[in-house]
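Chains as they are written, first to last, in this note's numbering: chain A, 15 to 436; chain B, 2 to 263.
Don't take every hint at face value.
The following label-pair restraints were derived from C-beta to C-beta distances [stated by the list, open to error]:
{"#": "1", "chain 1": "A", "residue 1": "His153", "chain 2": "B", "residue 2": "Leu19", "range": "36 to 46 Å"}
{"#": "2", "chain 1": "A", "residue 1": "Arg324", "chain 2": "B", "residue 2": "Phe234", "range": "39 to 49 Å"}
{"#": "3", "chain 1": "A", "residue 1": "Arg283", "chain 2": "B", "residue 2": "Lys203", "range": "34 to 44 Å"}
{"#": "4", "chain 1": "A", "residue 1": "Leu209", "chain 2": "B", "residue 2": "Val49", "range": "41 to 51 Å"}
{"#": "5", "chain 1": "A", "residue 1": "Glu251", "chain 2": "B", "residue 2": "Val253", "range": "56 to 66 Å"}
{"#": "6", "chain 1": "B", "residue 1": "Arg30", "chain 2": "A", "residue 2": "Glu127", "range": "22 to 32 Å"}
{"#": "7", "chain 1": "A", "residue 1": "Leu209", "chain 2": "B", "residue 2": "Arg30", "range": "56 to 66 Å"}
{"#": "8", "chain 1": "B", "residue 1": "Val253", "chain 2": "A", "residue 2": "Lys163", "range": "49 to 59 Å"}
{"#": "9", "chain 1": "B", "residue 1": "Arg30", "chain 2": "A", "residue 2": "Arg283", "range": "52 to 62 Å"}
{"#": "10", "chain 1": "A", "residue 1": "Glu168", "chain 2": "B", "residue 2": "Val85", "range": "13 to 23 Å"}
For lysine to any residue, the following SDA-like pairs were computed, each having C-alpha atoms within a straight-line distance of at most 25 Å [stated by the list, open to error]:
{"#": "11", "chain 1": "A", "residue 1": "Lys234", "chain 2": "A", "residue 2": "Glu251"}
{"#": "12", "chain 1": "A", "residue 1": "Lys163", "chain 2": "A", "residue 2": "Gln347"}
{"#": "13", "chain 1": "A", "residue 1": "Lys135", "chain 2": "A", "residue 2": "Arg166"}
{"#": "14", "chain 1": "A", "residue 1": "Lys135", "chain 2": "A", "residue 2": "Gln184"}
{"#": "15", "chain 1": "A", "residue 1": "Lys163", "chain 2": "B", "residue 2": "Lys161"}
{"#": "16", "chain 1": "B", "residue 1": "Lys161", "chain 2": "A", "residue 2": "Lys135"}
{"#": "17", "chain 1": "B", "residue 1": "Lys241", "chain 2": "A", "residue 2": "Leu253"}
{"#": "18", "chain 1": "B", "residue 1": "Lys161", "chain 2": "A", "residue 2": "Ser167"}
{"#": "19", "chain 1": "B", "residue 1": "Lys241", "chain 2": "A", "residue 2": "Ser172"}
{"#": "20", "chain 1": "A", "residue 1": "Lys163", "chain 2": "B", "residue 2": "Tyr33"}
{"#": "21", "chain 1": "B", "residue 1": "Lys159", "chain 2": "A", "residue 2": "Pro300"}
{"#": "22", "chain 1": "B", "residue 1": "Lys161", "chain 2": "A", "residue 2": "Arg285"}
{"#": "23", "chain 1": "B", "residue 1": "Lys159", "chain 2": "A", "residue 2": "Gly284"}
{"#": "24", "chain 1": "B", "residue 1": "Lys159", "chain 2": "A", "residue 2": "Leu253"}
{"#": "25", "chain 1": "B", "residue 1": "Lys161", "chain 2": "A", "residue 2": "Ser172"}
{"#": "26", "chain 1": "B", "residue 1": "Lys241", "chain 2": "A", "residue 2": "Arg280"}
{"#": "27", "chain 1": "A", "residue 1": "Lys163", "chain 2": "A", "residue 2": "Met279"}
{"#": "28", "chain 1": "B", "residue 1": "Lys241", "chain 2": "A", "residue 2": "Pro300"}
{"#": "29", "chain 1": "B", "residue 1": "Lys241", "chain 2": "A", "residue 2": "Lys135"}
{"#": "30", "chain 1": "B", "residue 1": "Lys159", "chain 2": "A", "residue 2": "Lys163"}
{"#": "31", "chain 1": "A", "residue 1": "Lys242", "chain 2": "A", "residue 2": "Met279"}
{"#": "32", "chain 1": "A", "residue 1": "Lys163", "chain 2": "A", "residue 2": "Gln276"}
{"#": "33", "chain 1": "B", "residue 1": "Lys159", "chain 2": "B", "residue 2": "Gly232"}
Anything over 10 Å on all C-beta distances counts as not near chain B; from chain A, calculated [claimed, not checked]:
{"#": "34", "residue": "Ala98"}
{"#": "35", "residue": "Ser122"}
{"#": "36", "residue": "Glu168"}
{"#": "37", "residue": "Tyr180"}
{"#": "38", "residue": "Arg187"}
{"#": "39", "residue": "Arg231"}
{"#": "40", "residue": "Pro266"}
It is worth saying that the hints were derived from the structure and are not from the lab. No residue lacks a Cβ here, since even glycine has one placed at the ideal position from N, Cα and C.
Here are the chains, one letter per residue:
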Amino acid sequence: MAIALVGLNHTTAPVAVRERLAFSDAALADALTTFRTPEVEELVILSTCNRVEFYMQGRDVAACNADCESFLAAYHALAQEDFAPCLYYLSDLEAVRHLFRVAASLDSMVLGEPQILGQVKSAYYAARDAGRTGTIFHHLFERAFNVAKAARSETGISDHAVSVSYAAVQLARKIFEDLRRHTVMVLGAGETSELAARHFVRQGVGDVFVANRTMARAEKLAQSLSAKAILWDDFPEHLAQTDIVVSSTSAPNLVITPGMVQEAMRTRRGRAMFFIDIAVPRDIDPAVNTLENVFLYDIDGLENVVAANRREREQEALAAEDLVWREVRHFRQWLATRDVVPTIVALRQQAEATRLRELDKALAKLGPHDERQRRVIEALTVAITSKFLHAPTVHLKRCASAGQAQNEAQLIRNLFDLDPAP
Amino acid sequence: MNSLLFHIVLLAYLLASLTFWFHLGLRRRWIYQLASGLLAGGFVLQTVLLGYRLWTQTFLSWDHVYAYLGLLSWAIIAVYLITVWRYPIDALGAFIVPLAFLATAVSGVPEIIPTTLPAAFRNLWLGTHIFMALLGYAALTLMFCAGVMYLMQENQLKSKRPGALYYRLPSLSLLDDLNGRALILGFPLLTQGIVTGSVWAKYLHGSYLHWSLTSLPLLLAWLMYALLLAGRFALGWRGKKAAFAAVGGFVVVLVSYFVHAL
């Protein structure tokens with residue numbers, strides 16, 4: 015019993031090759047039924063925009079790989095040389111580790127992305143519904159889903175924002191803690207302003223004001239955000255009630271000056287303010303950042319935060335890799351225990367068969383005997399066989415948890431002749 | 002009395018401090034739990050140690066600064082544990098536990114000959130006075146740590162290049178809030194400390210205004226608290242100013258204590 019993996023992803027194959035080998039949902043269902051060879055006992059096909067992978071369980075890894083390649087060539091009407099250089103081959107525990115890493119989004123283009131887990135789940139369920147999975151893949155994929163969930167909840171790989179709008183919200187949280195009690199003002203009603211404002215609204219910010227030179231556009235945006243529109247000329251007065259300002263106007267010169275902010279801060283008695291300037295050319299005078307308890311981030315600043323977040327995710331990935339390794343070890347143990355269970359069962363069955371045979375023979379030889387004598391002799395036979403079996407059973411189980419089961423199991427099968435030649 | 006128990010407590014606090022620093026760096030859950038466990042263990046042992054000393058009255062003369070440091074470190078940990086229960090700030094341990102460790106370490110420096118206290122010192126007023134004053138100081142220490150963390154995080158945010166600390170420290174508003182709360186809770190404690198201290202002074206020396214070793218720095222600490230309160234609520238000192246003031250106030254009290262002890 016072995017696990018084989020054949021696949022390609024965004025690091026080994028260009029999109030031109032990936033798109034030719036990908037499977038749509040319909041094609042996937044079809045492939046799951048048509049790819050049948052005696053070598054492949056269990057099968058799961060994973061096909062996303064960034065990878066195509068065949069997970070197979072069978073006896074002979076090389077044979078499974080060969081069958082898979084010929085199937086791909088035939089199904090997609092390609093010559094094998096066209097895609098063979100892009101393929102990677104993994105087997106047994108390496109394949110297991112790869113699956114766990116993929117599910118936990120450690121192999122994705124964007125580390126920590128949430129879609130891949132759903133995609134792996136769909137691939138598994140499709141294979142299961144097509145009847146191509148058995149106990150081993152059932153257990154394997156269940157463990158993969160667990161690792162993925164643990165990686166997301168116990169490490170920070172999915173924590174940190176990797177887009178500019180999210181980074182702005184994250185910064186706001188580092189200043190204000192609870193956004194629900196704070197007010198946002200949006201200057202400029204263009205697409206960028208709208209995007210940033212929407213993120214804040216989605217994160218549960220309190221009140222939102224929209225100001226734009228053209229009142230109609232301000233009102234339109236305000237309506238879609240359930241916000242209030244204010245007159246452009248009024249916005250400096252509103253600054254004092256605003257905690258967060260998102261500015262993205264198309265004005266060619268500065269819209270917010272240090273003087274305005276100082277005035278607002280005086281009225282606010284020093285409560286913090288956060289300015290996000292996503293306009294080019296910039297709307298807000300950079301000198302505003304020098305004011306006490308005022309924080310100003312322009313596009314470059316936000317990009318710095320995004321880059322720092324990406325580095326943080328990579329750090330967290332190390333913890334996730336540890337989780338994956340732990341899970342791989344557990345899976346290895348599970349496999350090993352599976353190996354010994356049939357042997358233990360066979361051993362016990364052989365012992366029991368011998369015991370019953372010899373018991374009957376002995377009782378026949380004994381002649382007339384009462385119930386009590388019969389029970390004593392029966393108990394004797396049971397005691398002998400169970401005590402005799404105790405040591406090998408315990409040894410096999412211990413070997414299973416140490417991962418050395420296969421050889422030991424085979425040795426016991428040989429010693430006790432559990433697989434007699436027909 | 003540098004018994005074995007004292008050394009175990011000291012070791013526990015040292016290990017807890019180091020583990021909290023590790024957690025600040027690596028941020029794994031189990032490291033934080035280990036640090037908390039070490040701290041809790043050390044705290045329980047220190048409670049036993051101090052309780053035993055109080056019970057057997059083998060304490061040093063109450064005039065001894067080093068005795069106070071031992072009690073102060075206990076008060077700091079107690080304040081930390083209460084704080085972290087309401088404000089789950091992971092980074093706080095890394096700042097405040099080392100201070101408690103230092104206080105404990107210094108308290109064990111002198112070779113102490115146990116003496117029995119004269120009857121005048123076994124007084125409830127004295128005990129309450131010390132207890133209140135120490136909790137007040139512990140709150141001041143908490144404010145100091147909150148202030149330091151605030152200044153670090155503020156620096157990170159102003160620089161527009163978030164570094165490692167940006168992720169590990171809580172939000173500015175939370176730190177400022179903590180600063181304010183510690184002030185509001187610490188001020189009455191310190192006030193109580195002064196009031197009960199005066200009562201005891203009257204009892205011992207016949208006058209409410211006896212200047213002994215500890216009263217001058219205590220008065221100074223009270224003044225700093227009063228200043229911080231006025232600053233925060235009358236002058237609108239928030240955020241950076243309040244943080245600076247908390248750090249400055251703590252340093253002033255610390256220095257005054259050392260100067261007075263020399």
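Discussion item. Run the distance test for Lys161/B versus Lys135/A: straight-line Cα separation, threshold 25 Å.
Written reply: violated, 40 Å
Item to complete: Evaluate the given range 34 to 44 Å for the C-beta pair formed by Arg283/A and Lys203/B.
Response: holds, 42 Å
Worksheet item: Taken at face value, is the distance from the CA of Pro300/A to the CA of Lys241/B at most 25 Å?
Response: Distance of about 20 Å is within 25 Å: holds.
Discussion item. Just to be careful, I want the Cα atoms of Lys159/B and Gly232/B compared with a cutoff of 25 Å; is the pair within it?
Written reply: holds, 24 Å
Item to complete: For the pair we were handed, Lys234/A and Glu251/A, check the Cα-Cα distance against 25 Å.
Response: holds, 22 Å
Discussion item. Hinted pair, alpha-carbon criterion (25 Å max): Lys161/B, Ser172/A. Please report holds or violated.
Written reply: holds, 22 Å
Worksheet item: Does Tyr33/B lie within 25 Å of Lys163/A when you go C-alpha to C-alpha?
Response: Distance ~22 Å between Lys163/A and Tyr33/B Cα, so the pair holds.
Worksheet item: Between Lys159/B and Leu253/A, does the CA-CA distance stay at or below 25 Å?
Response: holds, 20 Å
Worksheet item: Per the hint of 22 to 32 Å, is the separation of the Cβ atoms of Arg30/B and Glu127/A within bounds?
Response: holds, 23 Å
Practice prompt. May I ask you to test the hint 41 to 51 Å on the CB atoms belonging to Leu209/A and Val49/B?
Written response: violated, 59 Å
Practice prompt. Mind checking the alpha carbons of Lys159/B and Gly284/A for me, to see if they're no more than 25 Å apart?
Written response: holds, 16 Å
Item to complete: Evaluate the given range 52 to 62 Å for the C-beta pair formed by Arg30/B and Arg283/A.
Response: About 39 Å separates the Cβ atoms of Arg30/B and Arg283/A, which means 52 to 62 Å is violated.
Checked against the numbered hints above, the structure breaks hints 4, 5, 7, 9, 14, 15, 16, 18, 19, 27, 29, 30, 32, 36, 38 and satisfies the rest.
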